[in-house]
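Spelled out from the first residue to the last, the chains are:
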Amino acid sequence: MNGAALIATTVQVVVVVTGAPVLVGLMRQVQARLEGRAGAGIGQPWRDLRKLLRRAPASPTGTGWPFRLAPLLLVGTSSVLAAVTPLLSTASPLDHTADLFAVVGLLALGTVTLALAALDTGTAFGGMGASREVTILALVEPTILVAVLALSARVGSTNLSEIVSTTLHDPLRVASPASLLAAAALLIVVIAETGRLPVDNPATHLELTMIHEAMILEYAGRDLALVELAAAMRLSILLGLLTSLFVPWGIAGADLAMLPLALAAFVAKVAALGVALGAAEVFIAKLRLFRVPELLAGSFVLAVLAVATSFFFLA
Amino acid sequence: MTDISYPLYLDLASGLFLLTAVGVLWRHQLSAMIRLFGLQGAALAAMVTILGIHQHSLELIVVAAGLGALRAGLLPYLARRALGDTPAEARETRPVVNVAASLLAAAALTLLAYAVTRPLVALAPSPATAILPAAVAVVLIGFFTLVTRRRALSQVVGFLLLDNGITATAFLAADGVPLIVELGVSFDLLLVVLVLQVLTTRLRTAFGSSDLDELRELHD
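Sequence order for the protein chains is A and B. If you count by the working numbering, then the first sequence holds residues 1 to 315, one letter each, in order. If you count by the working numbering, then the second sequence holds residues 1001 to 1220, one letter each, in order.
Simulated from the structure, these hints should not be mistaken for lab results. You may find that some hints are simply not true.
Below, simulated SDA-like cross-link-like pairs (lysine to any residue); rule was C-alpha separation at most 20 angstroms, straight line [as the list claims (entries may be wrong)]:
id, chain 1, residue 1, chain 2, residue 2
1, A, Lys286, B, Val1099
2, A, Lys51, A, Thr10
3, A, Lys286, B, Arg1027
These stretches of chain B come out as covered by chain A in the derived footprint (C-beta under 8 angstroms, 3 or more residues) [unchecked claim]:
id, stretch
4, 1005-1013
5, 1018-1031
6, 1105-1113
Virtual Cβ for every residue (Gly too), placed ideally from N, Cα, C.
So that you can see chain A by itself, here it is in the shape it has in the complex (with noise of 0.2 angstroms):
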């Protein structure tokens, strides 16, 4: 096992459990300030999440193992998520681990436990956000394997790293219509699976326009404070991942010595892509329930556009 990879992939789990909660500080000050308010300062997620691990949890009569499991396996599967994707490095000790399938289906994991633990709870919210969530899952897994797909198939794996590490050696390929197709697809993806606008809005409370805010709204202190995390945790392990496929100057491959560079070109790069989804939002309104699948379907016909012609074009 390399130990220079050992670094590099420590590295990666730590910086995305701390900074995670920044990350999601500055979109919402992006939002504010756009809004004309003078907003909570980047700091305030931690904040929070500081005062709801001081809490003890507290859980509903008549849950089981569903409800307690779920926290504890998000925030399991969101590190496990951290330390594959080639975020940082693109040699790391998991490298087997860091395949297309195995990666989409622990972020499927995560996201059927909540659903689970939310029909564990047995209210009304806890089903209706289940059924809305699964209904955005079941067409946004297609939809990521395909798209990812479309990259692989000129590289001919679909290992993650290898297909970043082809991207690194061949960087006009990003501007192939196979590639905007596939993150024009990705970037939709992205938006439904961790709950942004116009899918779903993160900072409402009512009951028409909840679908993850439904799922959660049972937990309590340290629980509440670890589903959060994982929530800001899978928001910047997609957003890395998008930036990883398609602008991956600055990412190491198994030199330490580049590894300060491969970080500040990471946070560098998530935080302005966070901060244009973040601007974004103010200016676009929540889609309708009823045409999120439509918008879902269209992303599926980008990414089998994008595959069908990264198989058929000759350039």
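With chain A fixed as given, assemble chain B onto it according to the hints.
Okay, now just chain B, sitting in the frame of chain A:
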């Protein structure tokens, strides 16, 4: 145009050509469909211009300019005039196949187009013929739009998409059609949109809406 950038520009133009066809199936607002059709006309003109520059043919470039003026300028302008002012007229009502299913059908039609044109592309491989599946896919998507939409204007947009796809196929597979045929087809399209404008105005004053399914039975 260098040998490296010619396939890339052609790919990008044809990608835009196909994406606007998918966009016409996606959007609900008729004005958005007309705008996307105009963008598709511009993409078609760009494709023919790139082909003309690569083959050093002034005639192709002139034809491309004419195509752009007609399909990206005049036809969308006339179609927008046929749209009407009331908000009730602005949207497509309950297509026969709903939007999500139409989009999946568009994906299936694109794959069908790729499968069907494989022997054609294998006959004469070049960057121009590699784009042929996209043009045939636009033909199929245009036909699908024509068949599954209820409003007169969306059906005509589908018909115009169909013709855009046929023109693109002609320019990519052969060297385009003779100029006289191109002029004749363009004049036919112009007449279709002009007749549509008159027809929708008459429909609106007689029946209050241009939803063609309302015309199923005799009215007083």
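Taking the hints in turn, this is what the structure says about them:
Taking the CA atoms of A:Lys286 and B:Val1099, the gap is near 18 angstroms; set against the 20 angstroms cutoff, the hint holds. The hinted pair formed by A:Lys51 and A:Thr10 fails the criterion: a straight-line CA distance of about 27 angstroms is larger than 20 angstroms. Between A:Lys286 and B:Arg1027 the alpha-carbon distance is near 16 angstroms, which keeps this suggested pair within the 20 angstroms criterion. For the stretch 1005-1013 of chain B, the stated coverage by chain A holds: 4 residues have a C-beta nearer than 8 angstroms to a C-beta of that chain, and at least 3 were required.
Here the stretch 1018-1031 of chain B counts 4 residues with a CB under 8 angstroms from a CB of chain A, which clears the bar of 3, and the coverage holds. Judged by the Cβ-Cβ criterion of 8 angstroms, the stretch 1105-1113 of chain B is covered by chain A as claimed, because 4 of its residues qualify and three suffice.
Violated hint: 2 only; the structure is consistent with all others.
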